[in-house]
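*Asks:* Given chain H, work out where chain X should sit, using these hints.
Here is what each chain is made of, one letter per residue.
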Amino acid sequence: MKHIISVAVENKFGVLARVSGLFSARGFNIDSLAVGETEDPTISCMTIVVKGDDKILEQVKKQLNKLIDVISVKDFVNKEHIDRELLVFKIGVDKKTKPKALRTLKRFGANAIKASADTVMVEAVGDPSHILKMLEALKGFKVKEMVRTGRIAMAL
Amino acid sequence: MKLSGAKIVIESLIKEGVDIIFGYPGGTVLPIFDVLYDSPIKFILPRHEQGAVHAADGYARATGKVGVCIATSGPGATNLVTGIATAYMDSIPMVAITGQVSRSLIGNDAFQEADVTGITRPISKHNYLVKEVDELAGTIKDAFHIARTGRPGPVVIDIPKDVTVLEADYEYPKEANIRSYNPTYISHPGQIKKAAKAIKESKRPVIYAGGGVIISNASDELTEFAEKTNIPVTTTLLGLGAFPETHHLSLMMLGMHGTAYANHAIMESDLIIAVGSRFDDRVTGKLDEFAPHAKIIHIDIDPSSVSKNVHVDIPIVGDAKHALRSLNNIVKAPDTKEWLEQIAKWKKNSPLRYNRDTDSIKPQYVVEQIYEATKGNAIIVTEVGQNQMWAAQFYKYTKPRTFLSSGGLGTMGYGFPSAIGAQLGLPDKVVFDIAGDGSIQMNIQELATAVVNKLPVNIAILNNGYLGMVRQWQELFYEKRYSHTCLKGGCPDFVKLAEAYGAVGIRVDKKEDVRAAIDKAIATDNVVVLDFVVDEEENVFPMVPAGKAINKMIDGMA
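Protein chains in written order, with my numbering: chain H, 287 to 442; chain X, 8 to 565.
Think of the hints as simulated: they come from the structure by calculation, not from any bench. Beta carbons: idealized from backbone N, C-alpha and C, even for Gly. Do not take every clue at face value.
A partial selection of chain X residues facing chain H, derived with a Cβ cut-off under 10 Å [as the list claims (entries may be wrong)]:
(1) A121
(2) T124
(3) G125
(4) N134
(5) Y135
(6) I153
(7) D309
(8) P310
Isolated chain H, as found in the complex (with noise of 0.2 Å):
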């Protein structure tokens, strides 16, 4: 089943790879890893992604919750969340084209930041269905180049 799991840690240096470390020594992949300040600087929130036997995490969760510089560890799955993802992504376009790429965009409430002759640089922001919905729509075109910050949770 797929997880995402939220961890409060000291923003400190080391500390990803000892959070990283609990699922690469299981020969967990981490699907998507995001890591970033939060409301008070000296926190950072991690938020991961991962795929494996629930067992099993929920055993990687008690191990996180030891690390000493971890905080507090939430797992959204089961629970009421949002969740978001940030991608910018190239995709090629021509005159006769990019009419219709700028339309599927704004139907999907993304923005072309920068274009040329040929191609369109797009940020988009959405749950993973929102995101799958659009890449779906623009599968007619040629996606050039894309980066996507993974996923981001929270809950009311």
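*Replies:* Showing chain X alone in chain H's frame:
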């Protein structure tokens, strides 16, 4: 007051009550060693860094204090790694200080540089790279706090050389300040009540006690609990000494080489009360078949140990001493009369045994004789393998901190340096390292350390010319194909070797000489190496084959 980093290190150690350091000098720790030169702290120089770290470990296990070791950067630090991992697996409080190359050189493949915090990250409770001299004192304070509280463990402090030379204002913090580290000591009263109810309702309960009981100094509370409830007690390897093995409720050790009656009791029980133990695979055997009828109460200070391997019905997170005290206040004894009768039958039918009727020296006989000669009052340290299991089976442990052994990691070469550390911590105690001819050669160089420090450590080598435990597995499971387990070619003359170091060496090849040699060793005020030439094909039984349920034992006598 401004002090150099090196002075801050030593001043801070003194503030932590450190009275002994085990260590080895080198380039990056020169400034620290310069301060050590006229410091009041006793310093022990081993002949290999691995000797330092295991000695610090043995000192910690024997005394309950934090063991401290120090080594230089690169190879000095990597030589500590096995000992740090050993301490981590067995939850031993330790602070390991390593020198690091100067900050400007870190990451440059400098001479004797190794990424020590990277290497020790998964094998230490925590580690630090100290990047500013004004963070040194606070780091040391936090390190000791982390090492000795909660589930204890080793903490590594990696200090670049230039940080030890720079100066900073020194004031030692009164308290550690770690907001994200708050181990749970006080167990939940609701859980204690639930446990007491389950205990009262049980018919076939067993207490399964581990090293956590010894770490939290809860042996008296455990004994009170067992006596109050009339529940039999089995211990893990690291739990030996947590409950007197001479007690009528003792089932001795359980697991792969545990007693048949302990394993039967666990398998037939309807309630297991686990205290400071972690359901290690050497204890549970095949997990799916482990204790099929039992409800499980698990008392442990480490939440990540609970429900890790087996499902726990009543988890109690907290300090063993506190939890047992709370239980003792409210628990009512179940009726265990029938159960104890059943156990008495198992005890009678399948005691620990070996063939006593031989002319050759049986290793078990040697261990028994050490028990008799020391009246059970010695500190027994072991290496790893058959020697370790016979030491566990045939010596009766009655007090905590009297059996020191590398349980989790199973580190050959642990015993002798650990015995040195234990002897330094408890100078008045008789200390025996029960060793094999394989293990003892892994840190034999520490004979120099023991001799030079006038430590009357006794080494009892159960010399069978083999890496005995591996040979046993090869005999039983690999058609006697003894692949690279014979040590007979090239085995040193241990008597001459002892003498070369200035120790006393005694070879014993006749059964009737065993006891006299042990008595002589105890009476000798020097290191004594006893080379017992034992039956080379003797095996450790009972034995649960790997991956089998723990009541499916091979018993060599059957």
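*Asks:* Evaluate each hint against the coordinates.
*Replies:* To see whether the hints hold, each was checked on the structure:
Using the Cβ-Cβ criterion of 10 Å, the hint placing A121(X) at the interface with chain H is not satisfied: the shortest such distance is roughly 15 Å. About 6 Å separates the beta-carbon of T124(X) from the nearest beta-carbon of chain H, less than 10 Å, and the hint is met. With its C-beta approaching chain H no nearer than about 7 Å, G125(X) sits inside the 10 Å limit, and its interface hint holds. Interface restraint check: N134(X) against chain H, minimum CB-CB distance 8 Å, threshold 10 Å, status holds.
Below 10 Å, beta-carbon pairs count as interface contacts, and Y135(X) has one with chain H at about 9 Å; its hint therefore holds. Interface hint at I153(X): satisfied, since its Cβ lies 6 Å from the closest Cβ of chain H, which is below the 10 Å cut-off. A least Cβ separation of about 7 Å between D309(X) and chain H falls short of the 10 Å threshold, and the interface hint therefore holds. With a least beta-carbon distance of about 6 Å to chain H, the hint placing P310(X) at the interface is held under the 10 Å criterion.
Hint 1 from the earlier list is the only one contradicted by this structure; the remaining hints agree with it.
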